[in-house]
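Participant: Sequence:
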Amino acid sequence: MTVPTGTTSAPAQAKRSPGRWPFDPAKVPFYYGWVILVAGTLGVMASIPGQTAGVSVFTDHLTDSTGLSRLQLAIAYLIGTGSSGFLLPKGGRAIDRYGSRVVAMAATIGLAATVTGLSFVGRMSLPVGMVVMSLGFGCLRFSGQGLLTLSSRTMIAQWFDRRRGLVSALSNAFMSFAFAATPVMLLALTNLDGYRTAWRLIAVALLVVIGTVILVLYRVSPEASGLVIDGGIAESNPDGSVQDAAPIGTDNDMTRAEAIRDPRFWAITAPITAMASTSTALTFHIIDFGAEIGLDDEQVVRIFVPIAFVSVPITLIGGWLIDKISPILIAAVMSIAQIIMYLTISRIDTTLGTVIAVIGWGVSQGCYAPLTSAAIPRLFGRRHLGAIAGFQMSAMVIGSAIGPALFALVHSISGTYETALYVSLTMPAIGLLLAARARSH
Numbered sequence: 001m002t003v004p005t006g007t008t009s010a011p012a013q014a015k016r017s018p019g020r021w022p023f024d025p026a027k028v029p030f031y032y033g034w035v036i037l038v039a040g041t042l043g044v045m046a047s048i049p050g051q052t053a054g055v056s057v058f059t060d061h062l063t064d065s066t067g068l069s070r071l072q073l074a075i076a077y078l079i080g081t082g083s084s085g086f087l088l089p090k091g092g093r094a095i096d097r098y099g100s101r102v103v104a105m106a107a108t109i110g111l112a113a114t115v116t117g118l119s120f121v122g123r124m125s126l127p128v129g130m131v132v133m134s135l136g137f138g139c140l141r142f143s144g145q146g147l148l149t150l151s152s153r154t155m156i157a158q159w160f161d162r163r164r165g166l167v168s169a170l171s172n173a174f175m176s177f178a179f180a181a182t183p184v185m186l187l188a189l190t191n192l193d194g195y196r197t198a199w200r201l202i203a204v205a206l207l208v209v210i211g212t213v214i215l216v217l218y219r220v221s222p223e224a225s226g227l228v229i230d231g232g233i234a235e236s237n238p239d240g241s242v243q244d245a246a247p248i249g250t251d252n253d254m255t256r257a258e259a260i261r262d263p264r265f266w267a268i269t270a271p272i273t274a275m276a277s278t279s280t281a282l283t284f285h286i287i288d289f290g291a292e293i294g295l296d297d298e299q300v301v302r303i304f305v306p307i308a309f310v311s312v313p314i315t316l317i318g319g320w321l322i323d324k325i326s327p328i329l330i331a332a333v334m335s336i337a338q339i340i341m342y343l344t345i346s347r348i349d350t351t352l353g354t355v356i357a358v359i360g361w362g363v364s365q366g367c368y369a370p371l372t373s374a375a376i377p378r379l380f381g382r383r384h385l386g387a388i389a390g391f392q393m394s395a396m397v398i399g400s401a402i403g404p405a406l407f408a409l410v411h412s413i414s415g416t417y418e419t420a421l422y423v424s425l426t427m428p429a430i431g432l433l434l435a436a437r438a439r440s441h
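Take the sequence shown: its position 405, counted from the start at 1, is 405 in our numbering, and no numbers get skipped.
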């Protein structure tokens, strides 16, 4: 039994819980999940210093300061990113055990400490430099791209059921614009007083602004806050005291071990891992890739603008659809869009090739958000959401670490990135087969 949000909750003498500190969400005159949506979106945006878009702005500064070459720095980035990917499943389990607020706060402190530490790096010998930068990139990626993103997205998914897909899509649409604006914003910040000051200012903003948002606004789940998912206040005990927090989800929710044995998990994870790998590789090598097909720097980077205009509406449509149709169908669409993109991206020196490639890339990128934010709780439940989502993100992060190195290796052997794209076709093709198998069960 529930009562409408906004009615009087348990009396003042009721025991307090972490979900009701520093204020009781039940006293907010509307469903607190909407506050969670805003706070969680800000949390993911705060992970930008640990994302590829945030790191790339500082690459030249780091090569100048450390004495490492761009290739050596890229290898350190590969080692750090790959290592963080292998650690993320533990982070997912920590979210289930300690809650999103605790993990997100620890990640924010870790990210602030990492960017502060990196702001002091200087010239080093090759062995020392590789160790320091691999460790630095590992901490940067684990705390930012990994834990802060995972804990914030998991929290949003915990607070919605009927509109989970649409809510996740709204969050990801805002994040898409924020990530697109990242290079310009960070460049402006570095122009103030150099990259070292920029990183230190970012650290202060993380601790003061984002730390406050997390401590004050983050909550583990509606159940932990005495609420009912999608709206309503949980019953009180007969004596008027607040009941202990109800378990999250149901006893029928899958564990991580059960989920990763389910073909549906790999049907949604294969295409997003492939996209993480290939899009990171293309972004990393974009200038050299453009030169190979006869485009200068300015011409080739223009492709990212129309991709964003395609991906954002697809994100919103996909978020709306995932509440109504099987996530497996969206995964199949993503796999098909990737195959089209991989076959045409080498032909963006022509108008027709550009149009088809942009649509393929944009549709695939637009499917990414619903499949990472809403599909897992829809298919496997909420009780072990952190552990399952952490395993999925681990696959994506490892894929994003392997992609650039794979493209560089194939290019060195074959002399062309087109061969690397053909090799990469295998992953979305496997995803399409897995989707067909999952639909037949």
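Bear in mind the hints are in silico, worked out from the structure with no lab data behind them. Each hint should be verified, as a subset may be incorrect.
Unchecked claim - Label-pair distances were calculated between CB atoms; the ranges are:
1) 255 - 123: 42 to 52 Å
2) 296 - 191: 17 to 27 Å
3) 230 - 64: 26 to 36 Å
4) 184 - 27: 35 to 45 Å
5) 416 - 183: 26 to 36 Å
6) 422 - 18: 49 to 59 Å
7) 21 - 64: 43 to 53 Å
8) 183 - 216: 27 to 37 Å
9) 27 - 113: 50 to 60 Å
10) 439 - 67: 48 to 58 Å
Unchecked claim - Taking lysine to any residue pairs in the SDA-like style, the calculated list, with each CA pair at most 20 Å apart, reads:
11) 90 - 71
12) 324 - 313
13) 324 - 381
14) 324 - 230
Note that beta-carbon positions come from the ideal geometry of N, C-alpha and C, so glycine has one too.
Participant: For a quick check of understanding: which of the numbered hints are violated here, in increasing order?
Facilitator: 3, 9, 11
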